[in-house]
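These protein sequence lines map, in sequence, to chains G and B.
For the first sequence, the positions run 19 to 385 when this note's numbering is used.
For the second sequence, the positions run 86 to 549 when this note's numbering is used.
Possibly wrong hints are sitting among the right ones.
[Stated by the list, open to error] With a straight-line Cα cutoff of 25 Å, these simulated SDA-like cross-link-like pairs (lysine to any residue) come out: (1) K376(B) with D176(B); (2) K206(B) with R217(G); (3) K206(B) with S340(G).
[Claimed, not checked] Negatives, chain G to chain B, calculated, CB over 10 Å: (4) P200; (5) V269; (6) V321.
[As the list claims (entries may be wrong)] Here's a subset of chain G near chain B, in silico, CB distances under 8 Å, partners left out: (7) N40; (8) Y44; (9) S175.
No lab work stands behind these hints: they were computed from the structure.
Remember, predicted model here, so these are calculated numbers, not experimental data.
Note that the Cβ used here is the ideal one computed from N, Cα and C, for glycine as well.
Listed here are the chains, written in short residue letters.
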Amino acid sequence: MTSAVIASDRLTEARRVAEICNACRYCEGFCATFPAMTQYRTFDEASLEYLANLCHNCNACYHACQYAPPHEFGVNIPQALAELRADVYEKWAWPGPFARLLERNGLVVSVVTALSLGAIFSLLLYLQDSTAVLSAHDGPGAFYAVIGHGLMVAVASSTFLFSTLALAIGMYRFAQSIDLKPPTWVDLSRAGHDVASMRYLGGHDNDGCNTSDASFSNARRIYHQLAMWGFLLCFAATCVATVYDYVFGLVAPYPFFSIPVLLGTFGGVGLGIGCIGLLVIKHKSDPQPMAASQRGMDYALLVLLLAVSLTGLILLALRETSAMGLLLALHLGVVLAFFLLMPYSKFVHAGYRFVALLKNAQSERLP
Amino acid sequence: MPDQSHVFPKAVDLVVVGGGHAALCAAITARETGARVILLESAPIDMRGGNSRHTRNLRAVHQLPTSTMSGSYLADEFWDDLTRVTDGRTDASLARLMIDESEPLREWLAARGVRFQPALKGTLGLARTNAFFLGGGKALLNALYAHAEAIDVDCRWDAEVCDIQIDQGEVSAVQVKYNATISTIAAGGAVIASGGFQSNTQWMREVWGPAADNFLIRGTPYNTGTMLRCLLDKGMASVGDPTQCHAVAIDARAPKFDGGIVSRLDCVPFGIVVNQVGERFYDEGEDVWPKRYAIWGRLVASQPEQIAYSIIDSKVTENFMPSVYPAIEAPTLAALASAIGVAPDALEETVGEFNRSVIPGSYEPGSLDDCRTLGLEPAKSHWALPIDAPPFFAYPLRPGITFTYLGLRVNENAQVLRVDGTPCGNLFAAGEVMAGNILGQGYCAGIGMTIGGVFGRIAGSSSV
């Protein structure tokens, strides 16, 4: 089957199950998706794509559903919406031809990571003699003795800026398609609060969500929070370091008890623990409500972020030894891969989910 | 660990037959007093729970507003509601007991993991009288099963009880069939909570004749009445009329079994309903739909071929909840008639006569308005608008049976009574299999789950 045919099948399936849900409505108390569904009598492509991104895959509705397989209606909302989400990620990816990177994404992430590492190590080999790479450096500029400051900044900033732009364009196009009005501060603060607290992984009364069976647990919410906040702390570390470098002329590496290193250390530990926790939960999850086609994409991002975290922490631990050069290259190679893959991996879910939460906040405000 | 699901204990204190809400309440209550309890559910694990899977609330007395219920609902009002729908055909002492015990039931369930939520959108009329289960009945079952297994109730699936052995007037053992192998479990007592007989096509045909073949069963296909028949044959007293049941008019395109809530249609008050010969047969606008939908199952059951069609025009399509099957649509009434196999002339004549009888009023789809017919038989008392704005739509209706009321007669200890009126000491019944004690006819939304929970708890505590 071509991907266009699959896409329309997924849309048809999402519409079929949404119509059943809309005639039942028992799940209204679980999350934002079901109350949002009741605002429609018929489901066009945009409404389904909005609902798909509002769904956090908490699986509460699957376990509560009297129409879940093996019932002949075979209602499996988490699976149907997860599959549709994958189509949304591809549909609005920018630039268009890169959308195919989101297919067989596990493979794509592996290849891009390997190529990034290869590129960094080749550069190192080409630009530096082995003594510089393999000997210990210390004091300000130690990193740049291995990889030049200009080169590092040029590669990092160009890839990061391109990826951020690509991600933002995707989010913008999705927001346009679901008719999101310019968000107000109220919308932003509500959606921001929903993201910060991961409200919809908390289920009812903060009982949590379902992973392996019909019992409720907050584990997924906690690990996802660790991963998200860890990631944001790492990002903050990079921003502070940039200010140090360009505004105050302070040259990395910084001492352990400095803002960038502390932020990076806590962030890296949080990100690492979060990713390990999410990988374990995913591995133990009931496969029934999951979308098999999404597994590669899900695991790939978690492993990549775990690699970012681990290589960064090992680099920190061993930065005064002769292993620093190779570890720096390894870390930068993984980070480069992540930067390149931001708009072409599961990472995009953060952007689309936020847009959907904004739309939800808006429709609660403007019924 | 090897699969032990085919190995049954030689003896237990209590066998609970059935796996729905009533069965769980009985099993948990008995187990909490220390009894060894086995629960035998005939359905596979994914379809466990009988009709409780399809429910969404229970009716409960409360003195003050709760976190999920508004206002107050006092016992006398519950009693009035019950006597009105049953027209007094109820066992007053059992009904009063059920009403009084409905109040602590909610707390009891909540303490065992059941979660409640405010009334669903579109059911606000029940916000005061009914406690809604978060996620519906299957979520309630999941919580109760988790609790039952945590306190070591031995819960078994695919385990159909095929016989109850009664020695010297008391239950001595049950026979259970699992994978075509029959095992005998010696039992200190038994609670029958295995539902009505509506899914037993043969039995339904005995009661209703060939019309039964056109009935749809809204809930579980596993309620075949095996226990009911077994115990009536062993001299237990029956209660209720075999033709009485909870029957609503549902979409005729729903599956034969298990279509549940989504096969419901809410369009009836906003148009007219005709039978296969194109004639109206009842006041579609008699009252608001939640108060009338339970009579329409029997109305449709008495029409030729047990089918009817709700006919509406394009003015009113937004006035009711969306349903799962799309309406049959046509640009003219004649074309619509052809699409549903009704003679075009007959439908046009019925609609024409109806339209001429409509007197002007101010249309209010949400309340009892003054749009009605004059001089028409049968009248339409509210929401009568001429059917004249194409395209026209039809929804086919069939009787949808929820559960039958013929049951085992019980006393206030939920003990099953013999034909001579004496209680069978260690045999109890709860849920739909004894709901006929309370419901001689008619229905109040959510009362089935209240009967199940209350008599389940009574059976569980009386049995130990």
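**Study point:** Hint validity - S175(G) Cβ closer than 8 Å to any chain B Cβ
**Key:** violated (48 Å)
Exercise for review: Confirm or reject the statement that P200(G) sits farther than 10 Å, beta carbon to beta carbon, from all of chain B.
Suggested key: Its Cβ never comes within 10 Å of chain B, the nearest being 28 Å, so this holds.
Practice item. Decide, holds or violated, for the assertion that all CB atoms of chain B are farther than 10 Å from the CB of V321(G). Key: The claim holds: V321(G) sits with its nearest Cβ about 33 Å from chain B, beyond 10 Å.
**Study point:** 10 Å Cβ clearance of V269(G) from chain B
**Key:** Holds, since 57 Å exceeds 10 Å.
Review point. Holds or violated: are the alpha carbons of K206(B) and S340(G) at most 25 Å from each other?
Key: With Cα atoms ~66 Å apart, K206(B) and S340(G) exceed 25 Å; violated.
Exercise for review: Starting from K376(B), check that the Cα of D176(B) is at most 25 Å away, please.
Suggested key: Distance of about 22 Å is within 25 Å: holds.
Review point. Given the hint that K206(B) pairs with R217(G), does the C-alpha gap stay at or below 25 Å?
Key: holds (22 Å)
Check your understanding: Taking 8 Å as the limit, does the beta-carbon of N40(G) come near enough to a beta-carbon in chain B?
Key -> Holds, about 5 Å.
Review point. Holds or violated: is the Cβ of Y44(G) closer than 8 Å to a Cβ in chain B?
Key: At 3 Å from the nearest chain B Cβ, Y44(G) passes the 8 Å test, so the hint holds.
In terms of the numbered hints stated before, the structure departs from hints 3 and 9, listed from lowest to highest.
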